[in-house]
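J.: Sequence:
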Amino acid sequence: MSGNSEPPPYSEHGRLYHGYRRGIYQFPCDEAEKERHDALDHIVLLARRDELHRAPLIPSGEDYPRLRILDVGCGTGIWAINMADKYPMAEVIGIDLSKIQPDVIPPNLRFRTPRDFESPWFMGEDSWDLIHLAMLCGSVSSWHEMYANVLRHLRPGVGHIEHVEIDLVPRCDDDTLSRKGEALEHWYAYLFDATRRHDRSIAYEHDNPRHLEEWGFVDVQHTKIRIPIGEWGQDWREHEIGRWYRVGLCEAIEALSLAPFTRPSYNWPIADVKRYLGEVETIVQRADIHAYHELHITTARKPFPHEVNHDHKASGGQQQR
Numbered sequence: 053m054s055g056n057s058e059p060p061p062y063s064e065h066g067r068l069y070h071g072y073r074r075g076i077y078q079f080p081c082d083e084a085e086k087e088r089h090d091a092l093d094h095i096v097l098l099a100r101r102d103e104l105h106r107a108p109l110i111p112s113g114e115d116y117p118r119l120r121i122l123d124v125g126c127g128t129g130i131w132a133i134n135m136a137d138k139y140p141m142a143e144v145i146g147i148d149l150s151k152i153q154p155d156v157i158p159p160n161l162r163f164r165t166p167r168d169f170e171s172p173w174f175m176g177e178d179s180w181d182l183i184h185l186a187m188l189c190g191s192v193s194s195w196h197e198m199y200a201n202v203l204r205h206l207r208p209g210v211g212h213i214e215h216v217e218i219d220l221v222p223r224c225d226d227d228t229l230s231r232k233g234e235a236l237e238h239w240y241a242y243l244f245d246a247t248r249r250h251d252r253s254i255a256y257e258h259d260n261p262r263h264l265e266e267w268g269f270v271d272v273q274h275t276k277i278r279i280p281i282g283e284w285g286q287d288w289r290e291h292e293i294g295r296w297y298r299v300g301l302c303e304a305i306e307a308l309s310l311a312p313f314t315r316p317s318y319n320w321p322i323a324d325v326k327r328y329l330g331e332v333e334t335i336v337q338r339a340d341i342h343a344y345h346e347l348h349i350t351t352a353r354k355p356f357p358h359e360v361n362h363d364h365k366a367s368g369g370q371q372q373r
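For the sequence shown, counting from 1, position 313 maps to 365 in the numbering used here; every step adds exactly one.
Keep in mind the hints are simulated off the structure, nothing from the lab.
Be careful, since some hints might not be right.
List of simulated lysine-lysine pairs, DSS-like, C-alpha gap at most 30 Å [unchecked claim]:
#1 K326 with K232
#2 K86 with K151
#3 K276 with K138
#4 K86 with K138
Between beta-carbon pairs, the in silico distance windows are [as the list claims (entries may be wrong)]:
#5 I110 with W288: 31 to 39 Å
#6 H358 with R289: 42 to 50 Å
#7 G176 with R73: 16 to 24 Å
No residue lacks a Cβ here, since even glycine has one placed at the ideal position from N, Cα and C.
Model the full assembly from the supplied sequences, consistent with the hints where possible.
T.: Structural data, given as structure tokens:
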């Protein structure tokens, strides 16, 4: 299906949602949401110290004269654009449920929309050097099936997956969250339950790095980075991340919650939802609560055929910054 045949978005409680596969995706696709995603890309890049990718890109050799990079659920396309600029000889493709990407893009980049990544890909198995997943929690019904699909499409021996997610469970290393910010914890609990009932949980699956090896990957590496909510961090970088992230989280609270809370899973009245979300945003704005989320980066490699029957152990390398 081409982008020209995409059904138009529809309005619900003042936000626009995807017309293609209507109702499956729980989050908006309007200008406010695109701006939020762009800001989140900036936050993640800042937290990663301008590291676009961690998985190695191995030169393809004579049989594969061109690197192939696939961005699954590419959103506004910023990561794919940056990768296409960085690797001008590579073929970069982004797929997403809706066409919310810019029209002016590098010549080696293509966006294929609308494309539901939970439907068959038809993208060429055993042919991709890097498959990138980012911020897909809340959009995936089965991580096992997602990872199996990625594994099928990676080049044997050299193809890598890189999966980037923010775990929205609020954390705190002192008592400021438990004493003053319980509303943020309750909001996440409601959001988790409502999205779980929709069969696309917002929760980050902490067992995913272990499952990657169980499901056929090798050389699994996992890193987590603290993302402060507000400007209370230990250095200028955390201050900057926290400043941007607090603004982005206030915008995310409505974007992530409206559909899950008002659709059949909960069916709360919109006026009650708006009032409740405003209370949660007030907590996020408080400077005396030292809460944070965690950014998770997981990479793994598709083994060569001769590696498959051997007993491989993931390195389990975990780092904290």
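J.: Verify the proposed pairing of K326 with K232, using a straight-line Cα cut of 30 Å.
T.: Measuring from Cα to Cα gives roughly 21 Å; hence the hint holds.
J.: Within 42 to 50 Å: is that where the Cβ-Cβ distance between H358 and R289 falls?
T.: Taking Cβ atoms as reference, H358 and R289 lie about 43 Å apart, which means the hint holds.
J.: If I claimed the Cβ atoms of G176 and R73 lie 16 to 24 Å apart, would that claim hold in this structure?
T.: Holds, since G176 and R73 (Cβ atoms, about 23 Å apart) stay within the stated range.
J.: Next pair to validate is K86 with K138; report whether the Cα-Cα distance is within 30 Å.
T.: 23 Å, holds
J.: Could you grab the alpha-carbon distance between K276 and K138 and see if it respects the 30 Å cut-off?
T.: Roughly 25 Å separates the two Cα atoms, so the pair holds.
J.: Assess, step by step, whether the Cα of K86 is no farther than 30 Å from the Cα of K151, and give holds or violated.
T.: 11 Å, holds
J.: In this structure, is the beta-carbon distance linking I110 and W288 contained in 31 to 39 Å?
T.: Once the Cβ atoms are compared, 35 Å apart, the range 31 to 39 Å for W288 and I110 holds.
Comparing the model with each numbered hint stated earlier shows that all of them hold.
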